[in-house]
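Colleague: Below, each chain spelled out in residue letters.
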Amino acid sequence: PIPGKLTARERILLLLDPDSFDEYDMFVEHRCSDFGMDSSKNKYPGDSVVTGRGRINGRLAYVFSQRNVLCSGVVPQISLIMGPCAGGAVYSPALTDFTFMVKDTSYLFITGPDVVKSVTNEDVTQEQLGGAKTHTSVSGVAHRAFENDIDALLNLREFFNYLPLSNRDPAPVRECHDPSDRLVPELDMLVPIESTKAYDMLDIIHSIADEREFFEIMPSYARNIVVGFARMNGRTVGIVGNQPKVASGCLDINSSVKGARFVRFCDAFNIPLITFVDVPGFLPGTAQEYGGIIRHGAKLLFAFAEATVPKITIITRKAYGGAYDVMSSKHLRGDANYAWPTAEVAVMGAKGAVQIIFRGKEADAEAEYVDKFANPFPAAMRGFVDDIIQPSTTRVRICHDLDVLASKTQSSPWKKHANIPL
Amino acid sequence: MLGRSSIACILRTLLKTFEKLLIANRGEIACRVIKTCKKMGIKTVAIHSDVDANAVHVKMADEAVCVGPAPTSKSYLNMDAIMEVIKKTRAQAVHPGYGFLSENKEFARRLASEGVTFIGPDTHAIQAMGDKIESKLLAKNAKVNTIPGFDGVVKDADEAVRIAREIGYPVMIKASAGGGGKGMRIAWDDEETREGFRFSSQEAASSFGDDRLLIEKFIDNPRHIEIQVLADKHGNALWLNERECSIQRRNQKVVEEAPSTFLDPETRRAMGEQAVALAKAVKYSSAGTVEFLVDSSKNFYFLEMNTRLQVEHPVTECITGLDLVQEMIRVAKGYPLRHKQADIPINGWAVECRVYAEDPYKSFGLPSIGKLSQYQEPLHVPSVRVDSGIQQGSDISIYYDPMISKLITYGSNRAEALKRMEEALDNYVIRGVAHNISLLREVIIHPRFVQGDISTKFLPEVYPDGFKGKCFWLKCEKHEISVKNSSSVCFFFRIPIAKSKQSSWELSVRLGDGIYPVAVSKDGSSFSVEVDGMKLNVTSEWNLASPLLSVTIDGTQRTIQRLSRNASGDTSIQFLGTVYKLQILTKVAAELSKYMPEKAAEDTSSILRSPMPGAVVAVSVKPGDMVSEGQEICVIEAMKMQNSMIAAKTGKVKAVHCKAGDTVGEGDLLVELE
Numbered sequence: 001p002i003p004g005k006l007t008a009r010e011r012i013l014l015l016l017d018p019d020s021f022d023e024y025d026m027f028v029e030h031r032c033s034d035f036g037m038d039s040s041k042n043k044y045p046g047d048s049v050v051t052g053r054g055r056i057n058g059r060l061a062y063v064f065s066q067r068n069v070l071c072s073g074v075v076p077q078i079s080l081i082m083g084p085c086a087g088g089a090v091y092s093p094a095l096t097d098f099t100f101m102v103k104d105t106s107y108l109f110i111t112g113p114d115v116v117k118s119v120t121n122e123d124v125t126q127e128q129l130g131g132a133k134t135h136t137s138v139s140g141v142a143h144r145a146f147e148n149d150i151d152a153l154l155n156l157r158e159f160f161n162y163l164p165l166s167n168r169d170p171a172p173v174r175e176c177h178d179p180s181d182r183l184v185p186e187l188d189m190l191v192p193i194e195s196t197k198a199y200d201m202l203d204i205i206h207s208i209a210d211e212r213e214f215f216e217i218m219p220s221y222a223r224n225i226v227v228g229f230a231r232m233n234g235r236t237v238g239i240v241g242n243q244p245k246v247a248s249g250c251l252d253i254n255s256s257v258k259g260a261r262f263v264r265f266c267d268a269f270n271i272p273l274i275t276f277v278d279v280p281g282f283l284p285g286t287a288q289e290y291g292g293i294i295r296h297g298a299k300l301l302f303a304f305a306e307a308t309v310p311k312i313t314i315i316t317r318k319a320y321g322g323a324y325d326v327m328s329s330k331h332l333r334g335d336a337n338y339a340w341p342t343a344e345v346a347v348m349g350a351k352g353a354v355q356i357i358f359r360g361k362e363a364d365a366e367a368e369y370v371d372k373f374a375n376p377f378p379a380a381m382r383g384f385v386d387d388i389i390q391p392s393t394t395r396v397r398i399c400h401d402l403d404v405l406a407s408k409t410q411s412s413p414w415k416k417h418a419n420i421p422l
Numbered sequence: 001m002l003g004r005s006s007i008a009c010i011l012r013t014l015l016k017t018f019e020k021l022l023i024a025n026r027g028e029i030a031c032r033v034i035k036t037c038k039k040m041g042i043k044t045v046a047i048h049s050d051v052d053a054n055a056v057h058v059k060m061a062d063e064a065v066c067v068g069p070a071p072t073s074k075s076y077l078n079m080d081a082i083m084e085v086i087k088k089t090r091a092q093a094v095h096p097g098y099g100f101l102s103e104n105k106e107f108a109r110r111l112a113s114e115g116v117t118f119i120g121p122d123t124h125a126i127q128a129m130g131d132k133i134e135s136k137l138l139a140k141n142a143k144v145n146t147i148p149g150f151d152g153v154v155k156d157a158d159e160a161v162r163i164a165r166e167i168g169y170p171v172m173i174k175a176s177a178g179g180g181g182k183g184m185r186i187a188w189d190d191e192e193t194r195e196g197f198r199f200s201s202q203e204a205a206s207s208f209g210d211d212r213l214l215i216e217k218f219i220d221n222p223r224h225i226e227i228q229v230l231a232d233k234h235g236n237a238l239w240l241n242e243r244e245c246s247i248q249r250r251n252q253k254v255v256e257e258a259p260s261t262f263l264d265p266e267t268r269r270a271m272g273e274q275a276v277a278l279a280k281a282v283k284y285s286s287a288g289t290v291e292f293l294v295d296s297s298k299n300f301y302f303l304e305m306n307t308r309l310q311v312e313h314p315v316t317e318c319i320t321g322l323d324l325v326q327e328m329i330r331v332a333k334g335y336p337l338r339h340k341q342a343d344i345p346i347n348g349w350a351v352e353c354r355v356y357a358e359d360p361y362k363s364f365g366l367p368s369i370g371k372l373s374q375y376q377e378p379l380h381v382p383s384v385r386v387d388s389g390i391q392q393g394s395d396i397s398i399y400y401d402p403m404i405s406k407l408i409t410y411g412s413n414r415a416e417a418l419k420r421m422e423e424a425l426d427n428y429v430i431r432g433v434a435h436n437i438s439l440l441r442e443v444i445i446h447p448r449f450v451q452g453d454i455s456t457k458f459l460p461e462v463y464p465d466g467f468k469g470k471c472f473w474l475k476c477e478k479h480e481i482s483v484k485n486s487s488s489v490c491f492f493f494r495i496p497i498a499k500s501k502q503s504s505w506e507l508s509v510r511l512g513d514g515i516y517p518v519a520v521s522k523d524g525s526s527f528s529v530e531v532d533g534m535k536l537n538v539t540s541e542w543n544l545a546s547p548l549l550s551v552t553i554d555g556t557q558r559t560i561q562r563l564s565r566n567a568s569g570d571t572s573i574q575f576l577g578t579v580y581k582l583q584i585l586t587k588v589a590a591e592l593s594k595y596m597p598e599k600a601a602e603d604t605s606s607i608l609r610s611p612m613p614g615a616v617v618a619v620s621v622k623p624g625d626m627v628s629e630g631q632e633i634c635v636i637e638a639m640k641m642q643n644s645m646i647a648a649k650t651g652k653v654k655a656v657h658c659k660a661g662d663t664v665g666e667g668d669l670l671v672e673l674e
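Chains as they are written, first to last, in this note's numbering: chain A, 1 to 422; chain B, 1 to 674.
Everything labelled a hint here was simulated from the structure, so no lab data went into it.
It cannot be assumed that every hint is accurate.
Unchecked claim - Under 10 Å between C-beta atoms, here's a sample of chain B residues computed to sit facing chain A:
id, residue
1, S363
2, D395
3, Y399
4, N566
Ideal Cβ placement from N, Cα and C applies to all residues, glycine included.
So that you can see chain A by itself, here it is in the shape it has in the complex (with noise of 0.2 Å):
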C-alpha cells in the first residue's frame, strides 16, 4: 500500500455499513493493446475501479456508477478525491455536486506541474497546484478538505445523513430530543450595539440548529458567507448566512458563486432555505466589476428567485441596498421573512446615504436617517418583512413555518430549463 492511502476496498468498507456492499463489474478489464498492454501480466479483473452500491446508515448509495450530466439534479452526486486526479478526469468531480478531497495527498489539476513548467515556466509543486488546500480556499473548486482517508470517509457518512436519495425522496428525517419550541435567549444579546461591531455568524446557526450540528459547505472559501446543511425539528434545511466577522459579510463575486451553487441544490433536492441576512451592500471597486460582479451577482438572485423549495428569510442587521434584494427577500418569493429588533433595512447605511443625499450640507441628516431607517419598522409597515420577532423566538418560528410550509407546492411555467446568467 502507498503510505498515508488506503485501498479502493478498505475504502468501501469503511464508507459502507458492514456486509452492505455489492459489486458490479469485478471481472471488467482493460481493454487497451498498445506498448505490451494486453500481455497478460499487465492485465487485472476490476482494473483500477470498483464499482457497486451499498448501504450508509441503512440508505442506499452507489459507489462510482453513474457520473453522467443526466443525472444532475435526479440524484445528489459527491466526489471524495483521494489520490491524483488530472487532465480530463478532474470534469468527472467538477460535475458533481460536491467535491471533497483528503488532505496532502489528493491533487485535482487540468495540466500537472511538469506541463506548466514546459508552456508557462512557472515553478509549482503539485500541492501549491491542485491540492486541497488550493482547491478549498482559492479556486473554490472543492467544498471540504479532511485530514485524511478515514476522516474523509467518515465524514461522508455523515454527510450523506442529511441528503435525500434523488429528487423524488424526502430528505432524512432524524429523531429529534431538541425541543422545536426551544428559546434561545443569547440571540437576545448577540447582535452588538455598535452597528460596525463583527459578530460570528456561525454562533446564531449553531444555536437555532437541532443540537448545535451545523455542517459547514465551502468554510474556507469566500468565508463572508455561510452555508450549510443543519436540521430543525429532525428535518434537513440549507442555511445561507451573511458572516459579518469577514469582509464585513458583503457580497462580491465569490461569495455570490458560492451561495447561488448552495442554494440551486438545495432547490433541486428540495432542501428548505434558511436565510440569515446581515449585509452592507456589494463589495465596491474595479476589481469586482472588472470580473463581473453583475454577472456573477445575478446568480445569487437567480438562485434564490427560482427556488420553489421553502424560504425563511431573518434579517438579523443590515440589509442594504441590492444586496438585501438578493438575499432570499421577499420580493424574490419569500415565504416568511422576519426582522430582529436590530434590523436596518435601507437603500444604504445613514453615513453614506446622508453623502449622497445631502451633499454634505446637512449635518443632522444623519441623526435623522438613522432615526428614520435604522431600524426595522419602515420595511415591516411596506409588508416586506413579516414580522419583527425577539430574537429568542427565532428557532420557535422557523419550526413553525415549516411545518407549515412542509407540503409547500410551486410550478413555474413549462421550459426546457432556466437560462441562469453563467
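Chain A is fixed; fit chain B onto it per the hints.
Modeller: Showing chain B alone in chain A's frame:
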C-alpha cells in the same frame, strides 16, 4: 383582616431604610445586592460600562446608567461619572460590593459630602485598616494576637537566641532589607538560631549594608481562617463565626467553607472575641472580616481586616441564616443590630466553590475568555445556591474578573454539603470558555480535603507538578476507565436514521495513550458494554440534545456531560469534573488508522503564541533583531497579571504580529523567529 402583603408593606414602612440605592459594582455581587434590595422594597440603580450594557445586573436593576467604556478605570472606578449618576438618579445610598471602590476612602468621603450613605464602615475605619502598619498597631493595642517578631540590630548570637526563645520556636530569620522570602532561614531550636544569625547578619552586612535583622514567628503550614464581624453605629459588634479559606492559588481563594473543621469552640470564641475587640477599637460599623493565620497548634495571628463584604460571605449566611447585605443596609441607616451574640448559630455546613473561567491545567488557572455558548446552573440539585451575574450568551471579557459564579452547597453536616457539591459540579453546564470545575471537583473529594487536613499550601503540595485532571488514586483505575468509556461510547449510537438494523458494534476507543477494544450491543434502550473483559449495563433516557446525560451504569447513577462529537469519532465528555477526549472508531476504522500518516506538528520553537487572552503591554523586539533563548520578547497583561513572553530559542526575529495596546486571543501569533 390584613393580607400578608399589606403586613409586609407596613413592616417595610416601619423599618424603612432607603428609597433608592445605587450599586457601584457589576457581576454577581451587583446581582446579589439587588436581590436583597428587592426583598427590602428598595429601588435599585445599576451602573455599567458600555460592554456590560446587556449584563444581568443591568437587567435586574430598576434603572441602569452607563458610566463609561470597558476599562474599569474609565467606568467602575470612575468616581466623577458615578457621582453624577447618583445625583441624576437621586440614589440615597451606595453599596460598593467588593473590589472596585469598596475600600476607597476618597469615594466614601465624597459620598458623605453629598449626603449619600455609603453602605460600609466610615472613612476612618477604611483608612486605619487599609494601612498595613497602622492596622497591626491597632490590633496590638486591642490585644489581638499579631505575629510576634523583632526588627532591629541584633548584637550577637546569644541575643538572637534570647529573642527567638521569647517569640517561641519556630522562628524565621532574615535580613530586614531583603525583600520577600529572600535569604529567609527557619530555625526550630537554639542551634539553628545561632546558625541563622551568622548567615543572616553576614548577608545583611555584605549584600545590603544594613545590619538590621528580622526575627519573626514562623507560621508553619498555616491555614487561612477569617472571622465575619457585624457592627452597628451604636458600639455593638457581633462575630458571625469563621470561614475556612485555606484552599488558595496564587493567594486567591478557590474553595471556602463555614465552619472550619479545625477550630474547637474555645478557639472559635477567642478568635471571635478578638475580632470584635478590633472592630470596636476602630469604631467599626457594617460587615467586615478579620483574617487570621492559624498554625498547626491552633495559635492564631491577625493578618488584616477587610472593610467590606467578602466574596465568600454566602457560606456565613448559610450557617447563620443572616442576610449580610440586609444587615449592612440596616446598619448604614443607623438601626442597631437585631441579634445578640448568643443568637448566632452554626446550623449545618456550607461550602463554596469559586467557578472561574480559567484553565486549571495551566498553573492552577490561567484566565480564559469567550462567549458562554451554553450555560445552565445546577439549581435542580437540593440546597444549592448559585451567585452569578452572567447567563447563556454572556461574554467573559478580558476587562473584568473571570469569575463565572460562586457555587454554594449546604447540608446538615459537612459530608452532606460536600456530596451535594459533587452533584452540583457534575450538573453545572458551562460551554464556550475553559473553566475550573475539574480542579474544584478533585479538591472536594481529595482525602486530605475530606479529612480537613488542609493549609494554604494545599494545591502545590497535592499537585506538585501542576494540576493534570482527574487522577486515579480513587479505587481501581480500570473500573474508572470502563465507566468513562462505556458512557461515552453511547454517544456513538446516535442512529440518525432508524433504518439501520445494526444492533451490535465492535469498537475501539482511544483515551490518552491507551486504546481499548469495546464491544457494545443494544437491547431496547439499554446497552451492554464490554470493556477489557468487564461487562457493564448502561441505561438512560438517551436525550441526546441535552448537555447533561444521566446514565445508570450497573446500577450506579452518573451524570455525564456531552461536550462535543464529530464525524471523525472525536468525542469529548465531562465526567466527574474532568474533560476527556476520546476517539471512538469502529474496529475496522481503528485497524486501518495505523496506515494513516502522522502529520508533523508545527515547530513551535520559532513562533510565539499568546498562551492566554489579554492585552499586549510592551513589545521589546522588532523584525531583524537577534534574540537569545530566554530573552523577553513581549509582555501580555491578562486579568491584572503581567506575563513575560520569552524566546524559546536563539535566533533572528522574522516578523512581529502585535504591538503595544493590541488585544490578543489565546493562541494568537505574536512573534515569529527565523
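Colleague: Each hint: holds or not?
Modeller: Cross-check of the supplied hints:
1. For S363 of chain B, the shortest C-beta to C-beta distance to chain A is roughly 30 Å, which exceeds 10 Å, and the interface hint is violated.
2. Given the 10 Å rule on beta carbons, the hint for D395 of chain B holds: about 9 Å separates it from the nearest Cβ of chain A.
3. The closest approach between the C-beta of Y399 of chain B and any C-beta of chain A is roughly 15 Å, which is over the 10 Å cut-off, so the hint fails.
4. Evaluation of the N566 of chain B hint against chain A yields a held restraint, the C-beta minimum of about 8 Å falling below 10 Å.
The structure is inconsistent with the numbered hints 1, 3, although it conforms to all the rest.
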